[in-house]
Amino acid sequence: MRARVFVTLKPSVFDPQGKTIADALHSLGYGAVADVRQGKYFELDLATNEAAQAKQLAAEVADKVLANPVIESYRIEVGD
Amino acid sequence: MRFGVVVFPGSNCDEDAYHAATDVFGQQAEYLWHKDTDLKGAEVVILPGGFAHGDYLRTGAMARFSPIMNAVRGFAERGGPVLGICNGFQILLEAGLLPGAMLRNKSLKYRCEHVYLRVEQTDTPFTSAAKPGQILRIPIGHGEGNYYAPPDLLKRLEDNRQVVLRYTDPTGTIAEPWNPNGSVNAIASICNERRNVVGMMPHPERACEPLLGGVDGRMIFESIVSAMAIR
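Chains A and B, in that order, are what the protein sequence lines are. Read the first sequence against my numbering and you will find it ends at 80, with the numbers running on by one and no gaps. Read the second sequence against my numbering and you will find it ends at 1231, with the numbers running on by one and no gaps.
Everything labelled a hint here was simulated from the structure, so no lab data went into it. Worth double-checking, as some hints may not be accurate.
Claimed, not checked - Mimicking BS3-like on lysine-lysine, the simulated pairs with C-alpha atoms at most 25 Å apart in a straight line are:
| hint | chain 1 | residue 1 | chain 2 | residue 2 |
| --- | --- | --- | --- | --- |
| 1 | B | K1106 | A | K40 |
| 2 | B | K1035 | A | K64 |
| 3 | A | K19 | B | K1109 |
| 4 | A | K40 | A | K10 |
| 5 | A | K40 | B | K1155 |
| 6 | A | K40 | A | K55 |
| 7 | A | K10 | B | K1035 |
| 8 | A | K64 | A | K10 |
| 9 | B | K1040 | B | K1106 |
| 10 | B | K1109 | A | K10 |
| 11 | B | K1106 | A | K19 |
| 12 | A | K40 | A | K64 |
| 13 | A | K19 | A | K55 |
| 14 | B | K1131 | A | K10 |
| 15 | A | K19 | A | K40 |
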């Protein structure tokens, strides 16, 4: 089963890359893009067919390695 | 005394640290490969600058899984002095040996220049030779030195006097243009609660000889050499 992990900086943490991208979009005329947050995306191929187990495993990996809990939070989607 | 300089794949200031310890200060030093499992009798450990394991995922994130880090952790827990410089500081944060995290520089630029630092604490083994409030001029070179701690942790760091160095102007006053990376509270260096583990973004090993443009980094090495002599 596949798990997708989306890691972003916490809302309380300033994201200078997202800000720069938003500024660039504004200068291109995309004023409707109010804000941009940049993050990381991981696809995990897991040796399990149980959604609950896949989600738990992905969360464990995200806690230990993929995200730094001091500055980042994550969201997990499971399924193919 | 014997320095242990840890070498990760991608370290690039290991030889500078070794050179400072041996050629400048006349001490013994040993390289510790990241796959080693013991510290070869080191009495002080330096985690040098560079890009350990390519800094993949996050700066310092992969290095904490190197076998040598178990030995470094045990050494730190027994009170052994550990200094993380630049990437070494980032590794100490990711390994949980120091609190907080590094963000991309606020300017998004890699900053390579001399900065001014105010010594906030002199009761660490790496700053004991300094006077409180002393100003140092030492180079930096990093893209991710924007130190961040959430408000509750930041308060704890300040209350416990764990901020060791701050970025200031040449007179020792904190001012926005003199903070090269946007670090919260202008933090350039912190220590752990026990004060034996210190992380700093500036490179003292690059400021030990006049030929290199300044000698203010000597204070860091003089501190640890005299601290160990007393012990």
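Given hint A:K10 paired with B:K1131 - CA-CA distance at most 25 Å: Not OK: B:K1131 and A:K10 at ~38 Å, beyond 25 Å, violated.
Checking one constraint from the list: CA of B:K1109 to CA of A:K10, max 25 Å. Satisfied? 22 Å, holds
Pair hint B:K1040 and B:K1106, alpha-carbon separation not exceeding 25 Å: 40 Å, violated
Holds or violated: A:K10 and B:K1035, Cα atoms, limit 25 Å. 34 Å, violated
Do the alpha carbons of A:K19 and A:K55 lie within 25 Å of each other, as the hint requires? Violated: A:K19 and A:K55 sit about 31 Å apart, past 25 Å.
Can the restraint linking A:K19 and B:K1109 be considered satisfied, given a maximum Cα separation of 25 Å? Roughly 14 Å separates the two Cα atoms, so the pair holds.
Given hint A:K64 paired with A:K40 - CA-CA distance at most 25 Å: Judged against 25 Å, a Cα distance of about 15 Å means the pair holds.
Just to be careful, I want the Cα atoms of A:K40 and A:K55 compared with a cutoff of 25 Å; is the pair within it? 18 Å, holds
Hinted pair, alpha-carbon criterion (25 Å max): A:K64, A:K10. Please report holds or violated. 17 Å, holds
25 Å limit on alpha-carbon distance, applied to hinted pair B:K1106 and A:K19: Judged against 25 Å, a Cα distance of about 10 Å means the pair holds.
Compare the distance between the alpha carbons of B:K1106 and A:K40 with 25 Å, and conclude whether the hinted pair is satisfied. 19 Å, holds
Given the hint that A:K40 pairs with A:K10, test it: the Cα-Cα distance must not exceed 25 Å. 13 Å, holds
Checked against the numbered hints listed earlier, the structure breaks hints 5, 7, 9, 13 and 14; every other hint is satisfied.
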